[in-house]
Amino acid sequence: MFLGVTVLLISDAVHLDRLAAGAHVPGTLMESGSAAATLLVALSLQMQSPIIRPRELTGGSYFAVMSIALLASMALFGIELAGDQNGIVIALSALVPVLVLARLLLSIADNKRLTEDNAKIIATAGAGILKLDAEARIVSVNPTAADLLGWGQEELIGRDCHSTTHHRRINGTLYPPRDCPVLHAIRSGEIQRVSGEVFWRKDGTSFPVDYTSSPLREAGEIIGAVLVFGDVTRQRGLEADLRHQADHDALTGLLNRRSFSREAGRQIREAIRHQRPGALAIIDLDSFAFVNDSLGHTAGDQLLLRLASILSAGVRKTDFVARLGGDEFGVLFRETEADNAVALASRFIGRIKRETSPTIAASAGIVVFDGTQELTGDDLLVSADIALYEAKQQGGDRVVRFSGGKGQALTWVEEIRKAISNDRVIAYSQPIVDLKRGGVAREELLVRMRNEHGEMISPASFLPTAERFNLIGEVDRIMVGKGLNLAGEGRAVAINLSGGSIGDPEITGRLSAAISAGLDPRLVSFEVTETSAATNMAASVEFAERLERLGCELAIDDFGTGYGSFTYLRRLPIQVIKIDVEFVREMSHNLTDHHLVRVLVSLAGSLGQKTVAEGVEDAASVELLRRMGVDYAQGHFLGRPLEIDPNRPRVVEPAARAALSAALHV
Amino acid sequence: MLRWVILGIAALALALQGADAAFGFGGWAPADSNDLLISISMCAAALAALLAAAASRTNRLARLAISVGVALYAVGETYYLTVQKTLTGFPTTSDFLWLSLYPLILIGVFLVIRSETPGKHLRVMLDGAIVALATVALGYELLLKGIVHDAATSATVVGGQLGYPLLDLAVLTMLLVFGLGNRRALHLS
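Residue numbers (this note's numbering), protein chains in the order written: chain A, 1 to 666; chain B, 1 to 189.
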C-alpha cells in the first residue's frame with residue numbers, strides 16, 4: 001500500500017505539473033501512474049497479513065520526529081507570515097502546534113488514567129504487595145498485605161520489613177537477617193522466589209507464604225525492593241490432603257500398602273539400631289468374596305470398616321495398622337517379642353469372629369524381625385504373606401508364624417519364577433466341539449509348567465501359588481502370546497485369564513495390535529471365572545465391553561459355582577456360558593442337575609448367549625446335551641488336553657466323532 | 001484464484017496501455033484504446049480489491065473501506081476518460097469520485113490502528129496527523145507552490161488539482177509514521 005500511495009503521489013504531482021503547463025492529455029504514459037497505483041493497492045489487499053502493523057512512536061524516535069515536525073512547521077509559519085502570506089501554508093503549519101498540544105494533553109490524561117488503574121490493580125490484587133526502600137523499610141502497602149499481616153496500612157509504613165513480618169522461621173527459631181531472601185534481593189539485585197516459609201502477623205500467629213522479592217532500580221541503582229506474597233494456607237492444606245490420600249486407604253483411612261511397607265522398612269532399621277525386635281502381621285478374611293457377592297459391596301465395605309476399627313482399637317499408639325488391599329490388613333508391632341505378636345494376632349482373629357456380622361473367620365501370617373538381618377519392608381510383607389498362605393492352606397481361622405526357612409510356598413514361587421524366565425510355561429489345548437455340526441469349534445488353551453528335569457507339573461500344584469504371589473499376571477501374558485500366535489495361524493482359541501489380568505493393558509494392547517495387524521477377532525475368545533470377574537467388577541465390565549468392541553468373545557467359565565452367577569449375566573456383556581463340570585457330570589442320573597442344565601441352556605438362549613458343557617465323559621452325555629440344545633461341549637471323551645502342536649489343529653477323538661456322526665445323521 | 005485472474009487482467013491492460021503510450025500500436029489500434037485499457041486495468045484492480053476485502057479474515061471492515069475507495073477512484077477515472085474527457089473546472093463529478101479515495105483510506109487505516117493499538121489509537125493517529133500536516137506544509141512550500149504560481153491554465157483547475165498530491169503526501173507520511181513505530185509495518189505496507 002505504501003508503494004501504491006507513493007506511485008499515486010508521483011503520478012498526481014506530474015499530472016499537476018503538466019496541467020499547470022497546459023500539456024495534459026488523458027491516456028498518456030503519466031495516466032498509467034493512477035492505474036499502477038490502483039493495481040498496487042489492490043495487490044496489497046490480497047495478502048492475509050494486516051494492511052499495516054502500527055505501533056506507537058516512543059522514546060527517541062518520538063521526540064526526534066515530533067521536534068522536526070514542530071520546528072519545520074514553526075519555521076514555515078514564520079517565513080510565510082513574513083513573506084508570501086500563503087493561507088494554505090500558514091493554516092497547515094499553525095495546525096501542527098495545536099495538534100502537538102492536543103497530543104500532550106492526551107498523554108497526560110492517559111498517564112493519569114494508567115496511574116489510577118495501576119493503583120486500583122495494586123489495591124485489589126489478591127496478593128500482598130510491599131514496597132521497601134534500600135534499608136528494607138516498608139514505604140508502600142496494598143490493602144491485601146495489611147489484611148494478611150493483621151496491621152493497618154498506615155501502621156506498616158516505615159517499619160522494618162524483616163523484623164515485622166519475617167523474623168522467625170516456620171519452626172519458631174530466629175531468622176537471621178543475613179539469611180533473609182527479601183533482604184538478599186536488595187543486596188544482590190537478584191529476584192528471589194521463595195516458597196515454604198511463613199510470615200508473622202501482628203498478633204504473633206504465622207501463615208505459610210510463597211513470595212517474590214524483586215529489586216527496585218532507579219538509574220541503575222538499587223533503591224529498594226517490591227515484595228509480592230500470597231497466603232498459601234489453602235494450597236498447603238490441599239497438598240497435605242493429597243499426601244494423605246497417597247499414603248492412606250480411601251475407605252478405612254488406614255495406611256496403604258506402600259506407606260506400610262515404607263514404615264516397616266523404617267522399623268527394621270530402628271530394630272537394627274536399638275536391637276529391639278518387632279513383628280509384622282497380615283490378616284486376611286477367609287471368605288470375604290461371599291459377603292460381597294451375597295450381601296453386596298456396601299455390606300462388604302461395612303465389614304472392612306469394622307475390621308479396621310477392631311484392629312486400630314487393639315494396637316498401641318506406637319504400632320501401625322494398614323489396609324494392604326481387598327480384605328487384607330497389615331499390623332506392624334513395634335518392640336514386640338514373637339510370642340506376644342502371635343498372641344495379639346490370635347486375639348484379633350478371635351475378636352473378628354466374635355464382633356463381625358455376619359460372623360466371619362480370618363487368618364494371619366506373622367513375621368518377626370529382630371534387628372539381625374538387613375531386610376526391606378517388602379521382604380517382611382512377602383514373608384508374612386507366605387505365612388498367611390500356609391495358614392489358609394491349613395484351613396484358615398488361625399495364625400501361622402513365618403518359620404524363617406524355605407516353606408513350600410516360597411519353593412513354588414522360586415520354581416514359577418524360573419519357569420517363566422526359562423520358557424518352561426507350556427500351553428496345552430483341549431478341543432471345544434460344536435455339537436450341532438460335529439467339528440472342533442475352538443481350542444481352549446490350558447497352562448502347564450515343566451520343571452527343571454523336564455517333567456510336566458499339574459496346574460493345581462502351582463497356580464494357587466502363582467495367584468497368591470502375583471505371578472499369575474506374567475503367566476497369563478505368556479499364554480495370551482501363545483494364543484494370539486495360534487490364532488494368527490487361523491486356529492480359533494479360548495484363553496483363560498485370572499482376575500488380576502482382566503483389563504491388563506499389556507494384554508489388551510497386544511490383542512488390539514494383533515487385530516490391527518489383520519488377525520480375525522472372532523478367532524480369539526477369553527474365559528474368566530465368576531470369582532475372577534467378582535474380584536474387580538468395574539474392570540471386568542470395562543474389559544468385556546472392550547472385547548465386544550474389538551469383536552472378540554468373552555466366556556464365563558465354571559458358571560454356577562460362584563456366589564452371584566446371575567449378577568454377571570446381567571452386568572457383563574458375555575457371549576458364552578461354560579456350564580461347570582459339576583452339573584454336567586451328574587446330569588444323566590441326577591434330576592436336579594439335569595433340570596439346572598436345561599434351565600441354564602434356556603436362559604442363555606433367551607439372552608442370545610451360547611453354552612459350552614464342560615467335563616463331558618461319554619457318548620450318552622453328548623447326545624443328552626445335544627438334545628437339550630447345548631451348543632458346544634468339551635471333555636476327555638471329545639478330546640484330552642494335549643501339548644499344542646503348531647502344525648496340527650486338534651480334531652475330535654474318533655469314538656466321539658462316531659457318536660456325533662451317528663447322532664447328527666439320525 | 002478468480003481474484004488473481006482479475007488482477008492479471010488489470011496488469012495486462014496496464015502493460016498494454018503503457019506500451020501504447022510509450023511506443024504506440026502503429027495506428028492499427030482504435031483511437032480510444034489507451035483510455036479503454038486504463039479503465040479496464042483500474043476497474044479490474046478495484047474488483048479484485050473488493051473481492052479480497054470480502055473474503056478477508058482480518059481487518060475486513062478496514063479492507064472494505066479501502067477497496068470501496070479504490071473502486072470509486074476507478075469509477076471516477078473511467079467516467080473522466082469516457083464521458084468527461086476534460087478538466088473544465090473544479091470540482092467535477094470525477095473529482096468527487098477521485099477524492100472519496102482519501103477519506104476511505106484514512107477510515108481503513110484508522111480502523112486498523114484502533115484494532116492493533118487498543119487504548120493508544122488516538123495518540124497514534126494524532127502522531128500521524130501532526131507529521132503529515134508538517135510534511136504537507138513543507139511539500140507545498142518547497143515543491144508545489146511554484147507549480148501553482150506559474151500555472152499557464154485556469155488557476156481554479158490547477159488549484160483544485162493541487163489537493164491530490166497534498167492528500168497523497170498526507171496519507172504517505174501517515175503510513176510512514178505508523179511504520180516508524182514498527183519497522184515490519186513499512187515492509188508489509
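Errors might be hidden in some of the hints.
To be verified - Straight line, CA to CA, 27 Å or less: simulated DSSO-like cross-link-like pairs of lysine-lysine:
no.: 1; chain 1: A; residue 1: Lys418; chain 2: A; residue 2: Lys353
no.: 2; chain 1: B; residue 1: Lys85; chain 2: A; residue 2: Lys112
no.: 3; chain 1: A; residue 1: Lys120; chain 2: B; residue 2: Lys120
no.: 4; chain 1: A; residue 1: Lys202; chain 2: A; residue 2: Lys120
To be clear, the hints were calculated from the coordinates, so they are not data collected in a lab.
* Which earlier hints turn out false for this structure, listed by number in ascending order? -> 1, 2
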